[in-house]
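**Q** Next come the chains, spelled out residue by residue.
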Amino acid sequence: SQTIHQWPATLVQPVGSPLSLECTVEGTSNPNLYWYRQAAGRGLQLLFYSVGIGQISSEVPQNLSASRPQDRQFILSSKKLLLSDSGFYLCAWSLPSEAFFGQGTRLTVV
Amino acid sequence: GNSVTQMEGPVTLSEEAFLTINCTYTATGYPSLFWYVQYPGEGLQLLLKATKADDKGSNKGFEATYRKETTSFHLEKGSVQVSDSAVYFCALSAGNQFYFGTGTSLTVIP
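Chains as they are written, first to last, in the working numbering: chain A, 935 to 1044; chain B, 35 to 144.
Do not take every clue at face value.
[What the hints assert, rightly or not] Facing chain A, a subset of chain B residues (Cβ under 8 angstroms, in silico):
1. Tyr64
2. Glu76
3. Gly77
4. Leu78
5. Leu80
6. Lys83
7. Phe123
8. Ser127
9. Asn130
10. Gln131
11. Gly135
12. Thr136
13. Gly137
14. Thr141
Source of the hints: derived by calculation from the structure; they are not laboratory data. Even glycine gets a Cβ: it sits at the ideal position worked out from N, Cα and C.
Here chain B stands alone, though its shape is the one from the complex (with noise of 0.2 angstroms):
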């Protein structure tokens, strides 16, 4: 079957850390990977994905790769700000359907 597991939180992170948040899959087929985030008390908005082996989605400065090898999609930031601060989805897309991950919540303090 098609699953997401990614790391527990809370993550508690200084300013200008680095951000490393794992996530690992299972599915059949090749599936389209996901990060999403989501601000508190807003719903779930889409950071990066990518589509297939190899390909690396980025955006506001995030980043994951595809990696079928190891079937990981970690996400990471150089940098974490505190307005980062948020609860952070996996997810994978296979057939109809979307499966997410438990979230990962992380906080940054100045």
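Next comes chain A alone, as it looks inside the complex (with noise of 0.2 angstroms):
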């Protein structure tokens, strides 16, 4: 069976330190990939998707970046984290018939 696995599931940093946070998948090959960040009592903001190794979409202009090294591996980075970055990060991939997320990591910045 497909499992993604994302961690740490809670990070408190301090403003202009740098940030590494990762996303495994199990189970399945190539699939779409996404990074998502969820502000306190707000929606979804899709941040970036990937459909394959070394390809990554932006879909906000920020301090963020994503990688994408292997086929099931999914990186996001800053190389300097600001007090607006914090939130509630999730993880994803997806099938044409539904999408899998991982538990989330909660940043906060300090």
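Grab the two chains, each in its own frame, and use the hints to assemble them into the complex.
**A** Here you go:
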């Protein structure tokens, strides 16, 4: 069966520090992969999606970046975090018939 | 383009009340439609889906009917419970991507 792993579950980072969130998928190949952010009390904002290794589309300009070094690995990064980067980050992968989400990472930038 | 619009919350209901959360969509072609649920501190889980016009998705007492003529996929439940308190997301799948609404927060009070 397919599963998705996302870590860490919670993270507290100082302003200006780097960020690396990792997501891996098992049980499928060549998945479409997504990073979403959910600010407190708000909906899902699509940050990045990828249809293949090295293929990243960015939906919003920001100080975050994404990479897909392997078929089932999706990494969200930042060189210098801002206070406004705080939020709940969700990784997902999809088939045409369904999207599957990780458990999320609660990021607090202090 | 493709987009989903759902009613804004928050919604507060008493236990056993009737629930409707409105969702309308804009899409090219024939999308599949979904409702996802997010419990506090967790990722999103698929609640129900419908893949073609007039299909009814149902799960855990929730229902939604794919209405092509009104481009709608409203979520309903006849009698909500405290355990239904969560954020509900309407979504559509078209091409390689999923498109989500902004989410509607539901709180059910005893």
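**Q** All hints, please: hold or fail.
**A** Hints, verified against the model:
| no. | hint | in the structure |
| --- | --- | --- |
| 1 | Tyr64 | violated (11 angstroms) |
| 2 | Glu76 | holds (6 angstroms) |
| 3 | Gly77 | holds (4 angstroms) |
| 4 | Leu78 | holds (4 angstroms) |
| 5 | Leu80 | holds (6 angstroms) |
| 6 | Lys83 | holds (7 angstroms) |
| 7 | Phe123 | holds (7 angstroms) |
| 8 | Ser127 | holds (6 angstroms) |
| 9 | Asn130 | holds (5 angstroms) |
| 10 | Gln131 | holds (7 angstroms) |
| 11 | Gly135 | holds (7 angstroms) |
| 12 | Thr136 | holds (3 angstroms) |
| 13 | Gly137 | holds (4 angstroms) |
| 14 | Thr141 | violated (13 angstroms) |
The structure fails hints 1, 14 (numbered hints given earlier, in ascending order).
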